[in-house]
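**Q** Residue-level listing of the chains:
Number of protein chains: 2
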Amino acid sequence: MKTLSETRLFGGVQGVYSHPSAATGTEMTFGLFLPRAARTGKVPLLWFLSGLTCTHENAMTKAGAQAWAAEHGIAVVFPDTSPRGDGVADDAAFDLGQGAGFYVNATQAPWAGHYRMWDYIATDLTRVLFDGFALDEGRQAITGHSMGGHGALSLAMGLPGRFASVSAFAPIANPTQSDWGRKQFTAYLGADESAWSAHDATLLMRAHGFDGPVLVDQGGADQFLGLLRPEALAEAMVARRQEGIFRMQPGYDHSYFFIATFIRDHIAFHARAMADSGGSGAGS
Amino acid sequence: MKTLSETRLFGGVQGVYSHPSAATGTEMTFGLFLPRAARTGKVPLLWFLSGLTCTHENAMTKAGAQAWAAEHGIAVVFPDTSPRGDGVADDAAFDLGQGAGFYVNATQAPWAGHYRMWDYIATDLTRVLFDGFALDEGRQAITGHSMGGHGALSLAMGLPGRFASVSAFAPIANPTQSDWGRKQFTAYLGADESAWSAHDATLLMRAHGFDGPVLVDQGGADQFLGLLRPEALAEAMVARRQEGIFRMQPGYDHSYFFIATFIRDHIAFHARAMADSGGSGAGS
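Protein chains in written order, with this note's numbering: chain A, 1 to 284; chain B, 285 to 568.
Nothing false has been slipped in among the hints.
Computed footprint of chain A on chain B, listed as stretches where at least three residues anywhere in the stretch have a Cβ under 8 angstroms from a Cβ of chain A:
1. 499-513
2. 525-532
Simulated DEER-style distance windows between Cβ atoms:
3. B:Ala396 x A:Ala195: 55 to 61 angstroms
4. A:Asp179 x B:Arg411: 51 to 57 angstroms
5. B:Ala505 x A:His208: 17 to 23 angstroms
6. A:Gln108 x B:Pro444: 48 to 54 angstroms
7. B:Pro444 x A:Ala112: 53 to 59 angstroms
8. A:Asp211 x B:Thr324: 50 to 56 angstroms
9. B:Glu341 x A:Asp179: 54 to 60 angstroms
10. A:Gly226 x B:Asp463: 34 to 40 angstroms
Read the hints as simulated data drawn from the structure, not as lab findings. Beta carbons: idealized from backbone N, C-alpha and C, even for Gly.
Only chain A is shown next, with the shape it has when bound in the complex:
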């Protein structure tokens, strides 16, 4: 692992690091905010998965998460959204290829070689984080925005027991029924739709839900509501009797201004769930 930068922020440290990933076969970069409490013990970890076109940097600089993470004494990791580099397949479209990994393990050419973002998040980066920093593996939560909200919900429901809580900002909520999903799943996973259902939050919610609290915020003036399909997830959550809260926030669009407005609530939500989850760390 290489340290690219470390900067004091709200009494803690905002770091940027890179490391080789076996999953993607590339060097990967991530941001990690460690609160002051991490100097003296292990702290809970919140994952923030970003959306289309983003790197590790967008949410780290624009979401405003660190102020509240510092207050609650929790760390936040900001992974990249895809493998990158000259040897990595790409596409001219903004919503396929680099910056658009969709948090799946691609099985189709030309993507299968490097596009293994599910394994990257679930395994590779996980080991880098818990082996390298003062983080409590027993206290993890996950959130994300748009494509990253899809990733957060999919990983949370796909890895039972791993995360104490999951939240999302304007997630791609039903990708198997959206042009944000069908295009990418066809490319990465192939035309057989049976391989897609493990990566659709609405289908996962209908099938088994999440063993913990769920919080979803959606802007009412979001430019992409037709692609996000939040109503499908809301229906599935309530039909499942899923512990959770779905909030429609009128006037907010799809931008980081929307995230910055409500991230405080999400951090408090996850901090409480992680405190309740009984982790093993000194940060408890």
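Since chain A is already given, all that's left is putting chain B on it; use the hints.
**A** Frame of chain A, contents of chain B only:
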């Protein structure tokens, strides 16, 4: 109007009053909590509509609303759920007739004579309250439980501009598709289902929604989830992009213990919406 009792509570007064209603043609009883602030000026008013089998008394004594209403300086009215008396039609079933008015104006025999609970709430009791007490007619909000949640949502959407906000605890959310609804609407309104749609929160939400914030709490262990159909309302709220919050509360049932646990949030929600709504009273 007759004063049946007035009792000091949280620095204010819990009163019980009765009055003749032109709508129902009967004497009607209601509870009204006035906070201390009503001694010196007009205060905002929250309506609490109760559920099947309830009188004005159940929520008044079991919901725990007054503690938080006092803190926010708002009044709460607890109407009865139907006309009552020897000359009033009734049914042996708990969910039809006395105690089960469903907040509609009945058009069918033998109910049409007295069962006009929509007009009673919307007009008769309204005039009694604003003519007789220090209440700010420009600042009203409405909530309710079960059948009363249905009533609150229906009245809020059916009387645009009247209420600043609406909330509900475990509302009968889609009565035209439930045995809690089809039976009563057939009896009170007749078999022509076109007359029912003005009294179904899900259909009203799909048609035009509510011009203000909506808050719904539903217990995950509610005994009546199949009759309440909360998932239909959740889907409709998000599909409409309705400003609002839908919360599934795991482990809570249909009882007043569920209401008492979350009424604090509802009072704060309505107090804020009424403060934002710019009423005319000295309580502003």
